[in-house]
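Top line first, the protein sequences correspond to chains A and B.
Here the first sequence is numbered in our numbering, starting from 1 and rising by one per residue.
Here the second sequence is numbered in our numbering, starting from 1 and rising by one per residue.
If you are wondering where the hints come from, they were derived from the structure by calculation, not from laboratory data.
Hints should not be assumed to be uniformly reliable.
[To be verified] If you only want the chain A side, here are some residues facing chain B, beta carbon under 10 Å, derived:
{"no.": "1", "residue": "Q48"}
{"no.": "2", "residue": "S53"}
{"no.": "3", "residue": "K80"}
{"no.": "4", "residue": "L83"}
{"no.": "5", "residue": "M84"}
{"no.": "6", "residue": "K88"}
{"no.": "7", "residue": "K89"}
{"no.": "8", "residue": "E118"}
{"no.": "9", "residue": "G155"}
{"no.": "10", "residue": "G245"}
{"no.": "11", "residue": "Y249"}
{"no.": "12", "residue": "E258"}
These numbers come from a predicted model, not from an experiment.
Positions of the beta carbon are idealized from the N, C-alpha and C atoms, including for glycine.
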Amino acid sequence: MREKHIIILGFIFLFCTSYGPPNCNIYKEDKDCYEACKEAEKAIMHPQGSKASQEHFDESIKLCPTFDYSHYEKAVPYAKRGLMREWKKMIDKAVEIDPEEHLSNRGWYHFFFMHNYEAAIADIDRLDELVDYNIGPTGDGIYHLNIMKSLCFKGLGDIEKATAIIETQMKKEDHSVGLYDYLHLGVLYLEQGNFNLALENLEKQISINDLSEIYYYKALCLKAKKELNGYKDNLKTALEYYEKGKSMYNPYRQMVDEIFLVDIENEIKLANEG
Amino acid sequence: MKYLVLTLFFITVSCKRTENSIDQHEHLRHVGDIAFDAALDDPEFEPCHEDLSFVHYNFGNPDLYEGEKPAIINAFKTIDFFQVAEQNTGYITIRFMVNCNGETGRFRVEQLDFNYKAKKFDKVIVDSILSTTKSLDGWIPATFNDKAFDYYKYLTFKIVDNKIIDILP
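One chain only, chain A, in its complex shape (with noise of 0.2 Å):
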């Protein structure tokens, strides 16, 4: 199962995070960015992140400075390997040229890979005040930007916030449910002990992406409920997800709200000592 994962977020990550150039021949009537695509093109043939693609991206970004693409993927390999001072520097020049493009990228990654939560809501923000739209995923497809905004708000410490901006997406007509989301609700209502509607919210989750997180929170909430067999059932199934890799995955690390063996092996032993 973790090896479908595997597959599943490596095609992910393969068309969202190094997704293709524009059409080139948008470009025809101006031949250096028409040129500077051509490099862009060349680069994505190479490994991302390599010596030979990353000279492509610095040719096409010198013919054509304002292809914002090539400074958007020339970036990228920087923020993945922890460099980010150099990521920051060449994420803010493509979106100083397209905002409306890259501003969801750029806040992806201040959330991602840094927490630095203000600033992804920053980014998110200004997108939504620019454009009259769907706001609409992030890069890796995963989540909704607003529901990406509530998990920076819990990252924050503001769960009725982060509760709120999760609510209103979910009820909106054209949201289309993620990976995650309730799983992520069901946690923000058992974080302020509503069990009851974290229950259901888990439950939901099940039919999205049956997951071992889904049977250790479940069992959260039993235990606060003081059910205890049920409790008990739940942790047994988080356990088995767990070794079959039934839960949640992300090869450029840890997610919100994801457990580890460590989490189910505490709870059990406090089950078993109760």
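Keeping the supplied structure of chain A fixed, place chain B upon it in accordance with the hints.
Same frame as chain A, but now just chain B:
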């Protein structure tokens, strides 16, 4: 006046160089590769394949640590910086290599503020985080088709007023 003009000229040139240094530098084999530096690195640490290394996220178990991420976090729970008078805030990132035997080396430190601009943290904080990172001994060699490979890993510490509030990624 002449000296003022000259000084301004040199400041402008040096600023321009600093600004361009990120974009214009000679690219490494791969972004983030860490070459051996005799002034910094332990010569005892040897990569298994000098010309072939991966990154933690290339493998199915990207924590690649015994006990997963909670075990890494636990190692830093006992350190504190009460003795540091000035309040330090920002990010410290330690990049390093794990070789095919699970040994670590080639540690590099980046210090940034929340705008990702270079800054200097108090030396006590940097040294403590670096030495604790060096002491982590649960790294799992990354394998593919039963062969073990070297890989790069990094840890970023989000610090607010001398407290580690997050360990990323």
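Going through the hints against the structure:
Here the hint on Q48/A is kept, as its CB sits about 8 Å from the closest CB of chain B, short of 10 Å. Interface restraint check for S53/A: the shortest CB-CB distance to chain B comes to about 9 Å, inside 10 Å, so the restraint holds. For K80/A, the shortest C-beta to C-beta distance to chain B is roughly 7 Å, which falls under 10 Å, so the interface hint holds. Against a cut-off of 10 Å between C-beta atoms, the interface hint on L83/A holds, since the closest Cβ of chain B lies about 6 Å away.
Hint status for M84/A: holds, given a least beta-carbon distance of 5 Å to chain B, under 10 Å. Because the closest C-beta pair between K88/A and chain B is about 4 Å apart, less than 10 Å, the hint holds. Because the closest C-beta pair between K89/A and chain B is about 5 Å apart, less than 10 Å, the hint holds. For E118/A, the shortest C-beta to C-beta distance to chain B is roughly 8 Å, which falls under 10 Å, so the interface hint holds.
Taking 10 Å as the C-beta cut-off, the interface hint given for G155/A holds, the closest approach to chain B being about 9 Å. Satisfaction of the interface hint for G245/A is found here, the shortest Cβ-Cβ separation to chain B being roughly 8 Å, below the 10 Å cut-off. At its closest, the beta carbon of Y249/A sits 9 Å from a beta carbon of chain B; the interface hint therefore holds under the 10 Å criterion. Restraint check, E258/A versus chain B: the minimum CB separation of about 9 Å is within 10 Å; hint holds.
In this structure, none of the earlier numbered hints is contradicted; all agree with it.
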